[in-house]
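Going line by line, the protein sequences match chains X and E. Count the first sequence with my numbering and you get residues 1 to 500, in order. Count the second sequence with my numbering and you get residues 501 to 1000, in order.
Errors might be hidden in some of the hints.
[As the list claims (entries may be wrong)] No farther apart than 30 Å at their CA atoms in a straight line, the calculated lysine-lysine pairs in the DSSO-like style are these:
hint, chain 1, residue 1, chain 2, residue 2
1, X, K228, X, K141
2, E, K641, X, K181
3, E, K728, X, K181
4, E, K718, X, K181
5, X, K228, E, K681
6, X, K218, E, K681
7, E, K718, E, K681
Quick caveat, the hints were computed from the structure, so don't treat them as lab data.
Single-letter residue listing:
Number of protein chains: 2
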Amino acid sequence: MQHHSPIVPDPTASREQSLDPADWEELRQLGHRMLDDMMNYLQTVRERPAWQPIPAEALEAMHQPLPEFPQDASAVYEDFVRNVLPYNKNNIHPRFWSWVEGGGTPFGMLADMLASGMNPNLAIGDHAPVHIERQVLDWCKSIFSFPPTASGILTSGASMANITALVVARNQILPQVIRQKGLRAAPGQPLIYGSSETHNCVVKGAVVIGIGSDNFRKVPVDAEYRIKIDVLRQMIREDRAAGHLPFCIVGNAGTVNTGAIDDLAGLAEVARSEQLWFHVDGAFGAVPILLPEFAEQLRGLEAADSLSFDFHKWFYMNYEVGAVLIRDSAAHRDAYSSPVGYLAAHERGLAGGPEPLSNYGMELSRGFRALKVWMLLKQNGIRQYEYLVRRNISQSQYLAALVTTSPDLELMAPVPLNIVCYRYNPGNLDEAALNALNKELLQQLQEQGIATPSYTLLEGRYAIRVAITNHRSTREDFDLLIDATIRLGRSIHPPAQNQR
Amino acid sequence: MQHHSPIVPDPTASREQSLDPADWEELRQLGHRMLDDMMNYLQTVRERPAWQPIPAEALEAMHQPLPEFPQDASAVYEDFVRNVLPYNKNNIHPRFWSWVEGGGTPFGMLADMLASGMNPNLAIGDHAPVHIERQVLDWCKSIFSFPPTASGILTSGASMANITALVVARNQILPQVIRQKGLRAAPGQPLIYGSSETHNCVVKGAVVIGIGSDNFRKVPVDAEYRIKIDVLRQMIREDRAAGHLPFCIVGNAGTVNTGAIDDLAGLAEVARSEQLWFHVDGAFGAVPILLPEFAEQLRGLEAADSLSFDFHKWFYMNYEVGAVLIRDSAAHRDAYSSPVGYLAAHERGLAGGPEPLSNYGMELSRGFRALKVWMLLKQNGIRQYEYLVRRNISQSQYLAALVTTSPDLELMAPVPLNIVCYRYNPGNLDEAALNALNKELLQQLQEQGIATPSYTLLEGRYAIRVAITNHRSTREDFDLLIDATIRLGRSIHPPAQNQR
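Isolated chain X (complex conformation) (with noise of 0.2 Å):
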């Protein structure tokens, strides 16, 4: 920092400055700009491309030196309106079908513009937004079947979810020593399994509750993806002949290549019979617990240690707002609750209330993002997203039909969920050739802006991937999709003759 004359507070001034503004009015107006431009974006989303590159002089914007000296709000949101607003990442868009991101709605919007203006931190206190998170952990409870006496906390997302639960799990090795000690008290090497299509963000988690990635064991799967129990079994009996500790069986609900669901309750015996935690990443995959015909499939969810989902996935929340319920509250809470002066309860006033809700997680800074959650939950309704969940798993089955019954496509994977890995294939190429192509595939899909689909590697096989969790798309989009994959792929690299 370069310094120039200090600034000092003008002791004459009759009315103190704050960075409230000075002229009401005329910051107002601006919001209600702002408000009727992002409604306008928002209603016009399917008019515009799917994605568009960042042209140069939009790059140059952000990349300036430290602002020194004010400059008008309105400036400042022209700015905005100029650079940034046009080079979203659109997962906004019905066409958006990249990684596992959801939409968010417009009455979402307005709900986190709420709970920034109420300004609250949810870490400690008596308010209304603390209780609002504890309605909304006991609705998730509901929701998945978990006890009322179950414990949880909203995180940023599924991967804080995760590790907020893996560090219980791994205290549960030896209550209070493990926390007090550290890992080198254990009596062994603690060891995670899940299977090899487990999310790496479980692998991160490992990393950083100190376990280690190699410790993260990966359970090989069959041909749906899905982990081998057998094996699994198997590897926990070598694991602990050679001295090692298992502790912690992490289970998918819809992992993210193909939206594979474990044999949950399958894992939920092993974990019981292993004396293991047994947790449950969701992220997206455990929402279809709300469709009757998804009660089988996801049996053996409502008997986890701990679950982790997203709101802002297959909920299609804005962002950002996950959750991780922990069945054993008194676990939870030994994990990360603090006995320090500054943050004793008292009777009444303001440091009264319920427990802190920083007893159930890492931060001591959390944002109001249980509103949205709660607004929004009360306007549509489980149901509605009943309707939608199911609608999704419907486009992706309606998808894999249109892949099967083209000549130029190959359908890459079993599509138990709402994802659909697939490839242009002409019939003439090597593996090589064929990810080359289809890479070049899906770049052009987003560069023309046409829909923005991702990618994973399947076996070394580069498939596109369309992962449904958006509340916009219609069966046109995926129709269009087809369309154009086909139209690409040919003029990248026409069909073998003998195929037409």
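Position chain E against the provided structure of chain X, taking the given hints into account.
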């Protein structure tokens, strides 16, 4: 989840239903009403009590069964206006001085609305939002004199920023080995050092990353609550002699209890000579680096290996946003990056662009918190923050002077920064009675809506603690606090006769 008859999509519907409003104009009007209400709410904050308890009927509204069916957006909003908004934590109030929490601004609220409407996930991809976060991180380096080659990431706050840095520091004990094999591969028990005044979130971080709370070594402090560096050196020596593995020193730029700033240059020198990682927790107390007159007190900050700070505390930004800077970007990247197929970067298209931000932190779900930082730094300019931080520090000196000149009051700790600890002392009570009296007094201050300081224990003595990171406070607010403290104190327990 109890299920009734499933809700199935209507295949005959010409336009499929989404979560966007059926009537955009209606939602737009509701949005404008919300915006007006919030602007009024913020404009009149000074006229309302600093805090008020939640009445039973409002609490009831937060304990309802999971909503099953849709409800009008306007009805949901009415519920919010009636039961949530009035019972805010109210860290937006000019006389909120609890814990360390900033008050946000109306423009910050609008920026959050824009961010939520755009709804990007900033983990990965080529889009303007990730470039905005990179711009903000570059500005952070500029503010704190970190080199342009340093890395960083925005977090929910300083707790997460501290943990993010501690993982990097811990992995550097044996690069790659700790990441892959975990903490049990370390050639001794890793130890972290910090003063006994270090914030509990650092101890929590030591638990999370597998070090254990006992292995955060609390170094005693001097009369000014600053770490005793000679004792630190001795502790490191003794721990090494005992076969342990010191790896990290945490310096405090602003302790939570009293705002003490450790001798950071001295700590940097110990870290250098002992080859330890030097992390600075500067949640709020790093921000006076903006003030030339604090350059000497904060000397050594620029030498830190990693630095945590918050934008929602002493930059007065809306919850939630903090940041961590890390000098060695390769070490940072090594801790969090992961080569998996579904996250592989592409040359072009949505999956192109700069290196994923998820390579620098735990989260794969990351909202657009960068937008408010970008817009607010542009709107206000860094020198406006310099002005306001200086004013808060001068206010703390003013308040300390009010305390020391009042015979009924006692200053409980030095006031090096923006935190004033004091108590009402009528002169004829033992310590236990004084503690009970001041706790009652604080609760009455809050219950009567006068002001919301918090509290802490300083060597067992209860102190009313005023932490000033408030851009709305004026000198009159502190006059009012002191008048009320004396009035309430005398009503609870009048001073001894011989003192009057």
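Tell me the numbers of any earlier hints that the structure contravenes, in ascending order.
Hint 2 contradicted; others consistent.
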